[in-house]
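These protein sequence lines are chains S and U, in that order.
In this text, residue positions in the first sequence follow my numbering: the first is 3, and each later residue adds one.
In this text, residue positions in the second sequence follow my numbering: the first is 3, and each later residue adds one.
Calculated from the structure, these hints are not laboratory results.
Errors might be hidden in some of the hints.
Cβ pair distances, simulated, as ranges [to be verified]:
#	chain 1	residue 1	chain 2	residue 2	range
1	U	D302	S	K532	27 to 35 angstroms
2	S	G519	U	H195	18 to 26 angstroms
3	U	M141	S	L395	24 to 32 angstroms
4	S	L395	U	N76	37 to 45 angstroms
5	U	R162	S	V409	29 to 37 angstroms
6	S	K532	U	P35	34 to 42 angstroms
7	S	V409	U	P35	37 to 45 angstroms
8	S	P300	U	I5	41 to 49 angstroms
9	U	S104	S	A399	21 to 29 angstroms
Below are the DSS-like pairs computed for lysine-lysine, each with C-alpha atoms no more than 25 angstroms apart in a straight line [stated by the list, open to error]:
#	chain 1	residue 1	chain 2	residue 2
10	U	K109	S	K4
11	S	K86	S	K43
12	U	K149	U	K68
13	U	K11	U	K31
14	U	K106	U	K68
15	U	K56	U	K297
16	U	K218	S	K532
17	U	K11	U	K56
18	S	K4	U	K297
19	U	K218	S	K472
20	U	K149	U	K98
21	U	K149	U	K107
22	S	K468	U	K240
23	U	K98	U	K75
24	S	K468	S	K491
25	S	K7	U	K31
26	U	K75	U	K106
27	S	K532	U	K31
28	S	K295	S	K189
29	U	K50	U	K68
30	S	K177	S	K189
31	S	K242	S	K25
32	S	K43	S	K177
33	S	K532	U	K11
Only some residues are given here: those of chain S computed to face chain U with a beta carbon under 8 angstroms [said to hold, decoys possible]:
#	residue
34	K242
35	Y405
36	L407
37	I460
38	Y462
39	E465
40	G466
Heads up, the beta-carbon is just placed ideally off N, CA and C, and yes, glycines get one too.
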Amino acid sequence: MKRLKTVLIFLCLFVPIASLIYKTQFLGLRLIPKKATTFWKVEMSLNWDNIQRVDSQEVEPPYVLPIPHSLPSQEVISVTLNGKEISSQKDHMTSSILQFGKDGGGNQTTSMHFDVNTEFYDYMSARDPDSRLDYEDRMRYLTMDNFDEETLGLLKKLSDTLVFNSDSAEAKLEKFFFYLADEIILKKEPHTVKDVIELASGSYLAQAQTMMGLARLNGIPSRIAFGIQILDNKVGEKIKYSRMFFTEAFLNGQWIPLFPEKRLMGKVTGNQIVVHRDTENFANFLERRDLLKILLDPVKFDPMSSKEQLQNLNEVSSFWSVFSLHRFSLSIQSIFLGIVLIPFGTVVLSFARVFVGITTFGIFMPILLTLFFLQTSFVFGFTFLFLVVIVGLMQRALLDRFYLLAVPRLSILLAIVILLYILFAIAADSWGILAINNKTLNYFPIVIITVFIERFSIYYIEEGAKNTLKTSLGTFAVATVCYYLLAFKWLKVFLFNNPEMLLLAVGLNLIIGSYRGFRLFELFRFAELKEGQDGNLS
Amino acid sequence: MVIFRELAKAGVLGNNRRIRDFILPYNNKSDYPLVDDKFLTSQLLLSKGIPHPKTRGLIQVISDTKHLHSQLKNIDEFVVKPAKGAMGNGIVIVEKVDWDESKKKTKIVTTRQASMSYDEFVYYISMILSGVFSLSGQMDRALFQEKLVIHPFFKDISYRGIPDVRVILFRGFPVMAMVRLPTESSGGRGNLHQGAVGCGINLLDGSIIGAMQDNKRISRHPDCGEQELIGLKIPMWKEVLAVAAQCSGLARIQYLGVDIVIDPIRGPLVLEMNARPGLSIQIANGKGLLPRLQKVALVDTKNMSEEDKIQFSLENFGSY
Numbered sequence: 003m004k005r006l007k008t009v010l011i012f013l014c015l016f017v018p019i020a021s022l023i024y025k026t027q028f029l030g031l032r033l034i035p036k037k038a039t040t041f042w043k044v045e046m047s048l049n050w051d052n053i054q055r056v057d058s059q060e061v062e063p064p065y066v067l068p069i070p071h072s073l074p075s076q077e078v079i080s081v082t083l084n085g086k087e088i089s090s091q092k093d094h095m096t097s098s099i100l101q102f103g104k105d106g107g108g109n110q111t112t113s114m115h116f117d118v119n120t121e122f123y124d125y126m127s128a129r130d131p132d133s134r135l136d137y138e139d140r141m142r143y144l145t146m147d148n149f150d151e152e153t154l155g156l157l158k159k160l161s162d163t164l165v166f167n168s169d170s171a172e173a174k175l176e177k178f179f180f181y182l183a184d185e186i187i188l189k190k191e192p193h194t195v196k197d198v199i200e201l202a203s204g205s206y207l208a209q210a211q212t213m214m215g216l217a218r219l220n221g222i223p224s225r226i227a228f229g230i231q232i233l234d235n236k237v238g239e240k241i242k243y244s245r246m247f248f249t250e251a252f253l254n255g256q257w258i259p260l261f262p263e264k265r266l267m268g269k270v271t272g273n274q275i276v277v278h279r280d281t282e283n284f285a286n287f288l289e290r291r292d293l294l295k296i297l298l299d300p301v302k303f304d305p306m307s308s309k310e311q312l313q314n315l316n317e318v319s320s321f322w323s324v325f326s327l328h329r330f331s332l333s334i335q336s337i338f339l340g341i342v343l344i345p346f347g348t349v350v351l352s353f354a355r356v357f358v359g360i361t362t363f364g365i366f367m368p369i370l371l372t373l374f375f376l377q378t379s380f381v382f383g384f385t386f387l388f389l390v391v392i393v394g395l396m397q398r399a400l401l402d403r404f405y406l407l408a409v410p411r412l413s414i415l416l417a418i419v420i421l422l423y424i425l426f427a428i429a430a431d432s433w434g435i436l437a438i439n440n441k442t443l444n445y446f447p448i449v450i451i452t453v454f455i456e457r458f459s460i461y462y463i464e465e466g467a468k469n470t471l472k473t474s475l476g477t478f479a480v481a482t483v484c485y486y487l488l489a490f491k492w493l494k495v496f497l498f499n500n501p502e503m504l505l506l507a508v509g510l511n512l513i514i515g516s517y518r519g520f521r522l523f524e525l526f527r528f529a530e531l532k533e534g535q536d537g538n539l540s
Numbered sequence: 003m004v005i006f007r008e009l010a011k012a013g014v015l016g017n018n019r020r021i022r023d024f025i026l027p028y029n030n031k032s033d034y035p036l037v038d039d040k041f042l043t044s045q046l047l048l049s050k051g052i053p054h055p056k057t058r059g060l061i062q063v064i065s066d067t068k069h070l071h072s073q074l075k076n077i078d079e080f081v082v083k084p085a086k087g088a089m090g091n092g093i094v095i096v097e098k099v100d101w102d103e104s105k106k107k108t109k110i111v112t113t114r115q116a117s118m119s120y121d122e123f124v125y126y127i128s129m130i131l132s133g134v135f136s137l138s139g140q141m142d143r144a145l146f147q148e149k150l151v152i153h154p155f156f157k158d159i160s161y162r163g164i165p166d167v168r169v170i171l172f173r174g175f176p177v178m179a180m181v182r183l184p185t186e187s188s189g190g191r192g193n194l195h196q197g198a199v200g201c202g203i204n205l206l207d208g209s210i211i212g213a214m215q216d217n218k219r220i221s222r223h224p225d226c227g228e229q230e231l232i233g234l235k236i237p238m239w240k241e242v243l244a245v246a247a248q249c250s251g252l253a254r255i256q257y258l259g260v261d262i263v264i265d266p267i268r269g270p271l272v273l274e275m276n277a278r279p280g281l282s283i284q285i286a287n288g289k290g291l292l293p294r295l296q297k298v299a300l301v302d303t304k305n306m307s308e309e310d311k312i313q314f315s316l317e318n319f320g321s322y
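Turn these sequences into a full structure, and let the hints guide you.
Next comes the structure, spelled out in structure tokens:
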């Protein structure tokens, strides 16, 4: 028996490690497919019904769909137009654009999908001149033709107050940048450059035009670029985003993006998707939400591009590609991603019980609580649990007087928990304490909470406050550690990518389960029995 | 490991080793129900003629309470226990029944919460049946037993409740014993982890050799004045050991805790048995269990009677 166990432990530890070595050293695979950045799914579509209705004077044709390109700050993975894949080449200089007349060229729907993987990139520190401007382009990026007399006058006046002629181009840009960043308020409605200068407020487009005008006046080639700004990208919350325009200025041989609103000069973060880099002539059209629709979805387990990973695997090993979880659809992937770490949570639990000697409510209650915290959020879950414990004790004191049978009483408890859930969510939302969304609110945790409170209140009656507190602390401590382990994205993706690592959890549990030494807390429990302390007794 | 060296030297049995080296290899899972269910235990004891508290009744389903009211008329004091309850959870001791024709006026006076109405009492039983107090929440039965009387010896060293003697037997050899004295903080119950006093006993003559409360050594009962505990001799000690040894042979569980109450008239009565006896008995005795268990593990028990085993224990573990 002992030999069998040793063999099993060896296998459980050896197989995963050997497979890792094999995959990395012999197959040349990455353990985590892509650097953990941000991965988005974008859909842009033209609304022909509205385009046909719109006044040609107001928004002039051609109507356009910009095609995004891979840049240092982003990798565009696949672009499809009306479901057909079109190539998207790496091209830092220009961007391509599809143009349509008013009739739409016979297309009823024109929609483009692309996946894009964004990451932080700093053009200023990169100092990697990637392009030159020929005379024609230089002239095109310096022309003031699109500004009317009055605006031109305003721009000149503003430029004179902001910069000196002797300033370097970089210093001038910086001064314009901070003027816009500090003085101008971002507003949603369409604005003109005049509004920006006179009212100190304007849209993305108007601000970008102002910046461009100021730069061009001072001999710095610049252009308007178009992209998507992700406004709120916290884990577990609904993504908010908006279309945006920004200026790119040609400085030291490269196009530098300027986002005064985000105080980002020459830097692009993972929250910015650059769709097109030269949109001056189409800006009015791109600004119209009713004509061009943009939808954005995060691919939640962002670091992976399953398609690529599978392709990669197929090339090197058909065996591993069969066993890859990447073969499943995204929704199924997210389920696996959620559960691959649970076995390691139970390793933590085993460790806490066997080596430390922490007592918990029930055996798997800490793991259930961890899932509850993960399903909601740590702060929300913890606060709610605390509230429920108090109310749970109160309800017991009340309901015990009615002599109800166990199952109806538990059902009442469930109803109370749900009511409390509603009240808590409303309170948290209306006071703006916690963000409430479909991630924090979920039906699954209700049952966990109800079972927890039932166990808790019985324990309280039988064991008294002191022991209940001790056990609660133990339960929460283990649940908290498990929470942070299970929320560890890198580890999750690693396991998802290499599911054979789960054998490690089995091996570790075999080892923990074989431990027969003392538990850490027994040092205190049996302190009186330590050698040399039993003097007066024997 | 270094930090545990002192405990290891003292021969302390830790929880992990208790489970891995003794409970799992020596106690057969299929034998557990006999000791986990107090009703089955009492039937087993009855069949072998081992003295134990008399069973007054058993309620298996809630409809069994139909005639309970009329039955209560003739009983005065009794104890209600969940058959599968652990650590004394859910036990109610009824001191008196103020019986009345109408159920509404009937009062049940208990030690724990003064008195219950008849409705409250039935509700309590329904809680027992639904498994609130049972080991893993399974459906349970409510066992009615006679209320035991405290032996005069314990009157001055116990706060309410009735003290019991816990003997740990391994392969039929008594290896360690203690007496558990209820205190105010344990609510009159005998559970050490709730604050009852545990007194280690010299197996040789039943004298108290040390006492503990909340894992700390003490020498007096916290609620019972100046009476020194150490040196007192448990009455009927030889009989206590004999009864414990009988139980061990009966239950087939090789690492066993037997709880015994000493009745002033009938002598030792087996209250219950435990297949997972706790470890605090070591603190009460100021001695680790491990060396004794290891010694017993090596004994060839062929042709050894219960008396021989007791004799072996007295010789080897008796002198302190």
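These are the hints, each one checked on the structure:
| no. | hint | verdict |
| --- | --- | --- |
| 1 | U/D302 to S/K532: 27 to 35 angstroms | holds (34 angstroms) |
| 2 | S/G519 to U/H195: 18 to 26 angstroms | holds (22 angstroms) |
| 3 | U/M141 to S/L395: 24 to 32 angstroms | holds (26 angstroms) |
| 4 | S/L395 to U/N76: 37 to 45 angstroms | holds (39 angstroms) |
| 5 | U/R162 to S/V409: 29 to 37 angstroms | holds (34 angstroms) |
| 6 | S/K532 to U/P35: 34 to 42 angstroms | holds (38 angstroms) |
| 7 | S/V409 to U/P35: 37 to 45 angstroms | violated (25 angstroms) |
| 8 | S/P300 to U/I5: 41 to 49 angstroms | holds (48 angstroms) |
| 9 | U/S104 to S/A399: 21 to 29 angstroms | holds (28 angstroms) |
| 10 | U/K109 to S/K4 | violated (61 angstroms) |
| 11 | S/K86 to S/K43 | holds (16 angstroms) |
| 12 | U/K149 to U/K68 | holds (23 angstroms) |
| 13 | U/K11 to U/K31 | violated (31 angstroms) |
| 14 | U/K106 to U/K68 | holds (15 angstroms) |
| 15 | U/K56 to U/K297 | violated (37 angstroms) |
| 16 | U/K218 to S/K532 | holds (12 angstroms) |
| 17 | U/K11 to U/K56 | violated (44 angstroms) |
| 18 | S/K4 to U/K297 | holds (23 angstroms) |
| 19 | U/K218 to S/K472 | holds (18 angstroms) |
| 20 | U/K149 to U/K98 | holds (11 angstroms) |
| 21 | U/K149 to U/K107 | holds (23 angstroms) |
| 22 | S/K468 to U/K240 | violated (38 angstroms) |
| 23 | U/K98 to U/K75 | holds (11 angstroms) |
| 24 | S/K468 to S/K491 | violated (37 angstroms) |
| 25 | S/K7 to U/K31 | holds (21 angstroms) |
| 26 | U/K75 to U/K106 | holds (14 angstroms) |
| 27 | S/K532 to U/K31 | violated (33 angstroms) |
| 28 | S/K295 to S/K189 | holds (20 angstroms) |
| 29 | U/K50 to U/K68 | violated (33 angstroms) |
| 30 | S/K177 to S/K189 | holds (22 angstroms) |
| 31 | S/K242 to S/K25 | violated (39 angstroms) |
| 32 | S/K43 to S/K177 | violated (36 angstroms) |
| 33 | S/K532 to U/K11 | holds (8 angstroms) |
| 34 | K242 | violated (46 angstroms) |
| 35 | Y405 | holds (3 angstroms) |
| 36 | L407 | holds (6 angstroms) |
| 37 | I460 | holds (6 angstroms) |
| 38 | Y462 | violated (12 angstroms) |
| 39 | E465 | holds (7 angstroms) |
| 40 | G466 | holds (7 angstroms) |
In summary, the numbered hints that this structure violates are 7, 10, 13, 15, 17, 22, 24, 27, 29, 31, 32, 34, 38.
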